[in-house]
Structure formats: C-alpha cells, structure tokens
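Counted the way this note's numbering counts, the sequence shown spans residues 1 to 610.
Careful: at least some of the hints might be erroneous.
[To be verified] Below 25 Å or equal to it, Euclidean Cα-Cα: the simulated SDA-like pairs (lysine to any residue) are: (1) Lys369 x Ala390; (2) Lys121 x Leu277; (3) Lys44 x Gly168; (4) Lys357 x Ala515; (5) Lys571 x Lys242; (6) Lys533 x Leu550; (7) Lys571 x Thr447; (8) Lys357 x Lys414; (9) Lys242 x Glu221; (10) Lys368 x Ala390; (11) Lys562 x Gly580; (12) Lys39 x Val25; (13) Lys414 x Ala390; (14) Lys368 x Gln98; (15) Lys476 x Gly383; (16) Lys132 x Ala90; (17) Lys131 x Gly168; (18) Lys562 x Lys533; (19) Lys121 x Leu96; (20) Lys368 x Arg89.
No lab work stands behind these hints, which were simulated from the structure alone.
No experiment lies behind these values; they were computed from the predicted model shown.
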Amino acid sequence: MGLGIDLGNSAVKVVALQRGLRGFVVTGVARRRIPRVGKPEERKPLLMKILHEALGDGGGRRVGVVGLSGRDINLQVVQQPAMKPANYRAMMGYELDQRREGDEQLYADFCTLREPDAYFKQYLAMVGVGKKPYVDERLEVARRAGVDVRDAVPNAFALCAAFRTAYGDAGGTHMVLDLGADNMDVALVRGGKLIYARNVSTGARIFDQNIAAAAGVGPDEAEWLKIRYGSILPASDNADPKEEEIRPAIRTAAGQLSGFIQSCVNHARVELGDRELSVDRILLSGGGARLRGLPEYLQSSLQQSPLKVPVELFDPFIAGVDASGVEAAGGEDFRSLPTEFAVPLGLAQLSLLPADKAMLSILPDAVKKRRDFFRAWSYVAAGAAALLVALLVITGFAAVRRASQTSRREGFEKQSSANLDRIAKLDRIEADQREVAARLDRIATATLASRALLDVHSEVRQFALKEEGIMLRELKIVDPSGDRTREGKGGRRCLFRHAEAGLVIGEIEDRTEDAFRVRMDFPPQAEPRIFPKGDCADLLEWEGDARVVLVVGEVSAESPGKANRILDEIKRRLTKEQRGQLARTSGLTDADRPGWRRFEIAVICQARYE
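Go ahead and model the full structure; you've got the sequences and the hints to work with.
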C-alpha cells in the first residue's frame with residue numbers, strides 16, 4: 001500500500017492506494033481541516049495530531065510520499081547542450097553546488113525532463129531547492145504518524161502523475177493548476193511528460209482577503225461567505241443579496257488569477273526557449289476550484305487574451321483508478337469534488353511506481369540512500385521469488401515425468417546442465433563487472449584533478465573579486481612529488497566482496513600477511529577498517545593515480561596579519577572533504593615585486609563515492 005500525503009496550510013489530505021490488475025485501487029481517503037493557530041510553533045504538533053487521526057491505527061507497513069510547495073521550494077528549468085551522460089551529470093552536479101553556495105540549510109536535486117533528440121538538441125532539466133527546516137518538518141510529521149517516508153517531491157510532479165494516469169498520453173500541451181489556500185502549483189504536461197513546473201506562494205486566500213475588505217469582516221467570516229455565497233456565475237433574479245455584495249470582490253480576485261495564468265505561460269516560454277509555446281487546455285484542481293463559476297469565468301477571461309484556451313475541472317479519477325470501494329463505504333466528501341484530491345492521489349501513485357529519472361527528490365542524503373537501498377532489495381527479492389518459483393516448477397515437472405517416463409530424466413539433466421552453464425556465465429559476467437568497476441575507479445581517480453581545477457579556479461576567482469590584495473599567478477595540475485604533498489601520492493587501490501560490507505572499493509593503507517587496513521570509499525566510512533584476507537572474496541588490486549592542483553599567487557604584504565588571513569581563507573575554501581579535496585600550504589615567501597609575498601597551495605584530490 002502507498003500513501004500520498006498533502007500537508008497544506010488549511011487542510012491535511014491523504015489518499016491510500018494499492019496496485020491492482022487494472023490499475024490503482026483506492027483503499028482510503030481522508031481530509032481534515034487545520035484550525036488557525038496563534039503561534040507558529042503550535043502548528044507542528046497540531047499537524048502531527050491531525051495526520052495521525054487521518055491515518056487511523058491501521059497496522060502494517062505504510063510507505064508514503066510527502067508533497068512540497070510554497071515559498072520554501074524553488075523550481076527552475078535548466079537547459080544543457082548535448083554531451084555525454086557522464087559529463088551532463090557532472091555539469092548538473094556543479095549546477096546544484098552553485099545553487100546551494102555552501103548553504104547547509106538547503107536540500108537540492110535535479111531531474112531530466114527531456115534528453116536530446118532529433119527535434120530538441122539540448123537536455124531539458126529541472127533543479128529543485130528546498131529549505132531544510134521546511135522539508136524536515138514535513139518528514140518528521142509523517143514519521144511521527146507512523147509513515148515510512150520514501151520521498152518528498154514538489155506537488156507539480158504529483159499533478160503530472162495524476163494527469164498521466166487519468167488521461168494517458170493526451171495530445172497537445174495541458175496546464176494542470178492546483179489552487180490551494182496559500183499556494184498554487186502549476187504543471188505543464190506534454191505527451192504524458194512534465195516539461196515545466198512552477199509553484200507560487202499565493203492561492204485562494206486572495207478571494208477571502210478581497211471579501212474581508214469589501215464586507216468589513218474577519219478572515220474566518222470571509223471564508224464562510226465565500227463558501228456559502230461565493231459565485232462568479234451570471235447574476236440571477238432570485239440571487240441572495242449577500243451573493244451580490246461580494247461578487248465584485250470575487251471577480252477582482254479571479255481577474256488576478258487569470259493574469260497569473262497568462263504570466264505563467266509567458267514565463268514558461270522564456271525558460272523553455274519556445275516563443276510559440278501554446279496551451280491546449282487548463283485543468284483546475286485543489287480546494288480553490290470549489291468556487292462556483294470559476295472555470296467559466298477564467299475561460300471567458302482568457303478568450304479575450306492571446307491564449308484563448310478552454311478551462312475545465314480536473315477529475316483525476318476519470319480513468320486508471322478504481323474508487324468504488326471508498327464510494328460504497330460512504331465517501332460522499334471524497335467524490336463531491338474529486339479535484340481536491342489530485343495532489344495526494346498523484347503522490348500515492350508515485351509511492352507505488354518504480355524510480356524515475358524525471359523525478360525530483362528533495363530529501364536529506366540519509367533518507368535518499370535508505371530509499372535507494374529498499375528499492376534495490378525489493379528488485380532482488382522479486383527476482384529471487386521468481387527464480388524460486390521457476391525452480392519449484394521445474395522440480396515438480398521433473399518428479400512427475402520421472403515417475404512416468406524414464407526418458408524425461410535425460411531432458412531434465414540437460415536442462416540442469418544448461419542452468420549450470422548459465423550460472424558459470426553469470427560468474428564470468430560478475431568477474432567482468434568487477435574489472436569494469438576497477439577500471440572506472442582508475443578513470444575516476446585520474447580525472448579528479450580536472451574537476452577540482454574548475455572548482456579551484458571558480459573559488460579563487462570569486463574570492464579575488466571580493467578581496468583586495470591578492471593576485472593569481474599560476475594554476476596547473478601536477479604529479480605529486482616529495483614529502484611536501486605526501487598525502488596526495490597514489491596508493492594501492494583494491495576491490496573485493498565482503499559478507500558484511502558487500503562490495504568494497506578503497507585504498508590499502510597498511511597490510512600484514514593475514515590482513516590489511518582499508519580506507520573505504522564505497523561504502524563510505526570515516527575510519528579505516530581492518531579486513532582479514534580470508535574474508536575478502538575476488539580481491540583485485542591496482543596502483544592508484546592521485547593528482548594535485550597547484551595554485552601559485554601573491555598577496556599584499558602591507559599587513560602580515562591580513563596576508564595570513566587571506567591565505568587561511570583560500571585554504572579553507574579549497575578544502576572540501578566531502579568531495580575528496582584537501583588543501584595544503586607551504587607558507588609565505590618573498591615575491592619578485594616589492595611589497596608582495598608569494599604563496600603556493602597544493603590541492604590534493606582523492607576519490608570519493610556518494
């Protein structure tokens with residue numbers, strides 16, 4: 001079972017799904033309103049309580065995906081020229097580093113929306129950055145409610161998943177707009193794939209604010225008036241006076257929403273580099289879509305603009321989802337406006353679908369690694385189960401045939417021989433894969449300095465622009481030599497299989513006749529570990545290849561304290577242990593120019609595996 005959890009500002013919505021033979025089956029839905037709180041610190045315990053009540057006390061393993069939205073999540077489309085996949089991933093990794101700029105309070109990830117093809121010569125990617133307190137709060141709320149959180153994704157990706165399930169590969173370009181209380185999420189979908197996403201920190205609350213200003217009432221009263229009397233439909237003869245009183249305020253807010261849609265399309269044209277981008281249909285979802293006459297008003301308003309696009313309500317249950325069980329159990333609230341459950345439904349679908357490279361995961365690294373571990377072992381378990389079933393079937397048939405016909409035994413023996421040949425072939429493939437892993441490690445260590453050179457150039461250049469009295473003279477890659485860069489010398493690398501640690505790649509720091517001490521790069525471990533040689537299966541060893549980036553420059557000697565401070569700051573900036581970069585200085589010496597001091601910094605590059 002998979003859960004989709006939408007922790008909004010005005011309501012908590014949850015959808016529980018299972019995979020069936022004909023698609024998804026809804027096993028439960030819940031919607032709980034969030035009361036207004038006076039202090040921000042009161043919101044988190046309240047969310048925990050509401051989500052726990054919404055989920056109930058159902059036992060068993062509950063895997064879920066949490067949605068993200070609002071001002072604390074930033075999404076941006078990025079285009080990269082066609083290049084080798086490894087270079088592309090490296091460029092996007094550098095892009096993420098630039099977005100974070102060393103801020104530990106940010107989580108970041110990227111996904112590939114489109115790869116280069118005959119029509120589009122560039123990679124189309126999306127970068128997502130989320131503030132750590134915001135993401136951590138949602139993860140903790142879900143965990144405290146008993147949910148095994150496997151992912152946290154922007155709501156736009158959930159809208160795309162719900163659209164793809166309901167409408168398939170519908171032709172044209174479709175905009176799915178989820179109108180929440182304080183946030184709006186936009187997804188542009190073409191051919192069943194997301195091509196653009198945006199979230200804006202404004203929502204249906206603008207209707208409440210306009211009504212409150214027009215009627216002179218408080219926020220709660222304004223929201224009640226909107227729900228009870230709010231309408232943008234043409235006025236009728238027997239319309240309530242209250243409806244006519246607040247109609248102008250509602251039309252003003254709806255006009256602002258129409259302007260936002262046009263602005264969003266223009267923004268997509270700029271980011272996608274497609275001036276001719278057009279939208280064939282707009283689908284509204286979310287609690288804000290409850291306002292009577294909103295689709296008709298937006299369509300009429302947009303018909304007077306260059307867009308001229310139809311506007312409809314989004315029903316994510318139109319196809320691919322069986323909700324009959326929930327409806328039979330009395331889910332009137334659930335089917336009264338299905339658009340309100342578009343986001344949690346899409347999140348629940350994502351929790352049951354296999355990993356997709358076109359998906360943003362704004363998560364802590366520890367949660368990502370745990371999620372990937374479970375995914376990998378689920379595939380292994382499925383393969384093992386399939387193999388076990390196959391062996392049982394073969395054995396059963398062999399027993400029956402053996403009792404009736406002796407000649408079938410020869411066929412079974414031939415089949416067993418073929419299976420042994422396959423196993424031997426798999427063993428050879430495994431040996432080849434270990435060889436490939438060793439070669440890739442050699443390539444990685446040989447190219448570390450090139451990446452570090454770009455990073456060092458960027459860091460020193462940025463620092464030099466901010467700080468006076470520093471001049472870069474030389475920047476190059478050198479072979480380590482002498483004791484001055486002893487840490488950078490290439491050591492003896494190794495690869496082997498261990499019963500407890502699994503596949504191990506690292507550098508041999510010391511050895512005896514019976515064991516050796518390894519600094520583990522994969523799986524990463526802070527301290528070296530001693531392995532008995534008898535526990536290391538299929539051991540491979542090779543000479544490592546370390547490189548050093550040498551930085552030569554001069555600093556002003558007007559103030560000795562300032563010169564040392566500049567040198568220490570450069571050394572600190574260039575030392576990045578998580579990327580295997582370690583900076584070492586040789587001190588300050590006299591330069592050729594009077595009043596300047598010469599320095600050398602050696603940046604030692606070592607392999608690191610994420």
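Starting from the hint list further up, note which numbers the structure goes against and sort them upward. 1, 3, 4, 5, 6, 8, 10, 11, 12, 15, 17, 18
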